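Assemble the whole structure, with the sequences as input and the hints as a guide.
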Amino acid sequence: MLRKLLAPSQAPPSPRRSADAHDQSLMASIVARDLRAFEALYRIYHPRLARFLGLVTPRPTIIEEALNDTMLVVWRRAATYSGECKVSTWIFAIAYRTVLKALRTQDEPVDATGVDELACEDAGPEQAAIRQQTQATLASALDTLSAEQRAVVVLTYFHDLAYAEIARIVDCPVDTVKTRMFHGRRRLRAALHGRLEASS
Amino acid sequence: MNARIVRLGGDEHQAAQQLLPWLANGTLGKAEAAEVGEHVAHCSACQADLAAQIHWRTLAPDGAAPADVDRAWAALRARLDVAASPAPRPAALQWWRQGLQLAVAVQAAVILVMAFALAWVLRPAETYRALGSAAVVDANAIVVFRADATQAETSGALRSAGARIVGGPTAVDAYLLRLPEPTAAALARLRAERAVARVESLQGEAAR
Numbered sequence: 004m005l006r007k008l009l010a011p012s013q014a015p016p017s018p019r020r021s022a023d024a025h026d027q028s029l030m031a032s033i034v035a036r037d038l039r040a041f042e043a044l045y046r047i048y049h050p051r052l053a054r055f056l057g058l059v060t061p062r063p064t065i066i067e068e069a070l071n072d073t074m075l076v077v078w079r080r081a082a083t084y085s086g087e088c089k090v091s092t093w094i095f096a097i098a099y100r101t102v103l104k105a106l107r108t109q110d111e112p113v114d115a116t117g118v119d120e121l122a123c124e125d126a127g128p129e130q131a132a133i134r135q136q137t138q139a140t141l142a143s144a145l146d147t148l149s150a151e152q153r154a155v156v157v158l159t160y161f162h163d164l165a166y167a168e169i170a171r172i173v174d175c176p177v178d179t180v181k182t183r184m185f186h187g188r189r190r191l192r193a194a195l196h197g198r199l200e201a202s203s
Numbered sequence: 381m382n383a384r385i386v387r388l389g390g391d392e393h394q395a396a397q398q399l400l401p402w403l404a405n406g407t408l409g410k411a412e413a414a415e416v417g418e419h420v421a422h423c424s425a426c427q428a429d430l431a432a433q434i435h436w437r438t439l440a441p442d443g444a445a446p447a448d449v450d451r452a453w454a455a456l457r458a459r460l461d462v463a464a465s466p467a468p469r470p471a472a473l474q475w476w477r478q479g480l481q482l483a484v485a486v487q488a489a490v491i492l493v494m495a496f497a498l499a500w501v502l503r504p505a506e507t508y509r510a511l512g513s514a515a516v517v518d519a520n521a522i523v524v525f526r527a528d529a530t531q532a533e534t535s536g537a538l539r540s541a542g543a544r545i546v547g548g549p550t551a552v553d554a555y556l557l558r559l560p561e562p563t564a565a566a567l568a569r570l571r572a573e574r575a576v577a578r579v580e581s582l583q584g585e586a587a588r
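Chains as they are written, first to last, in the numbering used here: chain X, 4 to 203; chain A, 381 to 588.
Derived by calculation from the structure, the hints in this document are not laboratory data. Treat the hints with care, since some could be wrong.
[As the list claims (entries may be wrong)] Below, computed lysine-lysine pairings styled on DSS-like, alpha-carbon distance capped at 25 Å:
#1 X:Lys104 with X:Lys181
#2 X:Lys89 with A:Lys410
#3 X:Lys89 with X:Lys104
#4 A:Lys410 with X:Lys181
#5 X:Lys89 with X:Lys181
[To be verified] Listed next, the stretches of chain A that the computed footprint assigns to chain X, with coverage defined by at least 3 CB atoms under 8 Å from CB atoms of chain X:
#6 394–406
#7 448–459
[Said to hold, decoys possible] Label-pair ranges, simulated between beta-carbon atoms:
#8 X:Ala22 with A:Gln531: 49 to 57 Å
#9 X:Gln27 with A:Arg451: 26 to 34 Å
#10 X:Arg79 with A:Ala483: 51 to 59 Å
#11 A:Arg539 with X:His25: 47 to 55 Å
#12 X:Asp163 with A:Arg539: 46 to 54 Å
#13 A:Arg539 with X:Ala167: 40 to 48 Å
#14 X:Arg189 with A:Glu418: 18 to 26 Å
#15 A:Arg571 with X:Cys175: 33 to 41 Å
#16 X:Glu42 with A:Arg544: 39 to 47 Å
#17 A:Ala489 with X:His25: 50 to 58 Å
#18 A:Leu482 with X:Ser21: 29 to 37 Å
#19 X:Ala22 with A:Arg571: 47 to 55 Å
#20 A:Ala440 with X:Arg189: 17 to 25 Å
#21 A:Leu480 with X:Asp163: 41 to 49 Å
Predicted model only: the values in this text are computed from it and were never measured. Using N, Cα and C, we set each Cβ at its ideal position, and we do this for glycine too.
Pasting the structure below:
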């Protein structure tokens with residue numbers, strides 16, 4: 004397993020590159036105010052952004068609003084996309100700023116309904132139930148992190164982004180990304196101590 | 381592996397620890413991966429940490445349930461419609477706009493008269509041509525472009541008439557043109573272009 008991990012660049016990079024080429028092509032059409040291209044981009048990014056935003060904040064109202072606010076910025080400011088980074092990096096950076104702003108302006112207590120629902124869903128097969136339980140445990144552990152730490156952890160573990168790309172998204176130096184990740188992991192490990200290992 | 385190994389430097393264990401998450405998700409460059417991997421290969425703490433992180437990655441929580449994409453798109457589409465359609469204008473604003481349009485038209489007429497006057501004053505003597513005055517002599521029309529005309533529209537208008545700019549802009553933003561045939565039809569074609577505010581012949585009879 005270790006050897007496999009030590010050759011990360013052997014993973015075929017072409018799907019990501021071709022996905023970005025497709026995104027770039029859609030962006031060019033969006034700059035020309037092609038609504039169909041924008042809808043295509045929206046449908047590609049809706050699940051990705053929903054997942055990212057859903058892990059950065061468990062509040063469904065913020066997720067839906069932040070997602071559409073993000074894509075509205077993409078539509079209105081498409082011409083400002085310079086092509087210096089991947090389209091996905093640019094869009095996630097907008098989403099990150101949008102959700103942080105939303106979290107700062109809403110000061111009601113965090114609604115943990117989503118986590119509870121995950122934990123309380125009816126059991127299907129035993130393995131599925133165990134998996135749901137461990138997912139709920141990890142989601143609870145993520146909630147113990149700050150929004151900034153959570154974003155870095157989520158983008159690393161669940162969106163497979165490189166630290167340099169994450170640094171662009173959260174607009175900070177790579178060393179800050181590494182530090183946030185390091186402290187985030189430490190808190191995750193503490194929150195999961197004896198829980199996740201038991202269920203795995 | 382052919383990767384050049386990058387020395388982590390300083391506290392090797394600490395540096396490897398910082399990079400483990402990206403070793404786990406496979407996004408480290410070859411050189412960094414080789415360096416971290418070399419450390420992990422003989423560090424049991426990092427091996428355990430790496431194994432834990434690989435396990436976490438397989439447990440991606442679903443997060444809060446995302447909205448139905450069709451419903452979400454419809455909501456955003458409605459916002460785009462609002463942004464695209466102009467808001468109804470109150471009557472007072474329309475009166476103000478009409479007044480403004482009239483003022484702009486009067487201003488354009490004044491500018492054109494001044495442009496003609498300037499072209500007349502600056503016209504070279506028939507008996508003497510300096511090299512630098514050739515452009516003015518070659519001109520057989522004068523044009524004023526709309527202030528909001530794009531470069532593409534301006535170029536397109538000139539191309540359609542086979543015209544080229546041989547002078548200007550003057551102090552009042554008029555340009556001197558050379559038309560292959562400065563006929564009334566050629567001038568009418570130019571006038572029909574959106575980019576053109578006014579165009580007149582500088583050759584009087586020839587333009588008819």
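Comparing the hints with the structure gives:
1. X:Lys104 with X:Lys181: Holds: Lys104 of chain X and Lys181 of chain X sit about 23 Å apart, inside 25 Å.
2. X:Lys89 with A:Lys410: Status holds; Cα separation ~21 Å.
3. X:Lys89 with X:Lys104: Within the cut-off at roughly 23 Å; holds.
4. A:Lys410 with X:Lys181: holds, 18 Å
5. X:Lys89 with X:Lys181: At roughly 21 Å apart (the allowed maximum being 25 Å), Lys181 of chain X and Lys89 of chain X satisfy the hint.
6. 394–406: With 9 residues in contact (Cβ-Cβ under 8 Å with chain X), the coverage given for the stretch 394–406 of chain A holds.
7. 448–459: It holds: at least three residues are needed, and the stretch 448–459 of chain A offers 7 whose Cβ sits within less than 8 Å of chain X.
8. X:Ala22 with A:Gln531: 49 to 57 Å: At 35 Å between Cβs, range violated.
9. X:Gln27 with A:Arg451: 26 to 34 Å: holds, 28 Å
10. X:Arg79 with A:Ala483: 51 to 59 Å: Between Arg79 of chain X and Ala483 of chain A, where Cβ atoms are some 32 Å apart, the hint is violated.
11. A:Arg539 with X:His25: 47 to 55 Å: Roughly 35 Å apart at Cβ, these two residues miss the hinted range, so it is violated.
12. X:Asp163 with A:Arg539: 46 to 54 Å: This hint holds: roughly 51 Å between Cβ atoms.
13. A:Arg539 with X:Ala167: 40 to 48 Å: Once the Cβ atoms are compared, 47 Å apart, the range 40 to 48 Å for Ala167 of chain X and Arg539 of chain A holds.
14. X:Arg189 with A:Glu418: 18 to 26 Å: Because 24 Å falls inside the window, the suggested range holds.
15. A:Arg571 with X:Cys175: 33 to 41 Å: violated, 57 Å
16. X:Glu42 with A:Arg544: 39 to 47 Å: The hinted range 39 to 47 Å holds for Glu42 of chain X and Arg544 of chain A, with Cβ atoms some 44 Å apart.
17. A:Ala489 with X:His25: 50 to 58 Å: holds, 53 Å
18. A:Leu482 with X:Ser21: 29 to 37 Å: violated, 56 Å
19. X:Ala22 with A:Arg571: 47 to 55 Å: holds, 50 Å
20. A:Ala440 with X:Arg189: 17 to 25 Å: Given range 17 to 25 Å: holds, Cβ gap about 20 Å.
21. A:Leu480 with X:Asp163: 41 to 49 Å: With a Cβ separation near 56 Å, Leu480 of chain A and Asp163 of chain X fall outside 41 to 49 Å, so the hint is violated.
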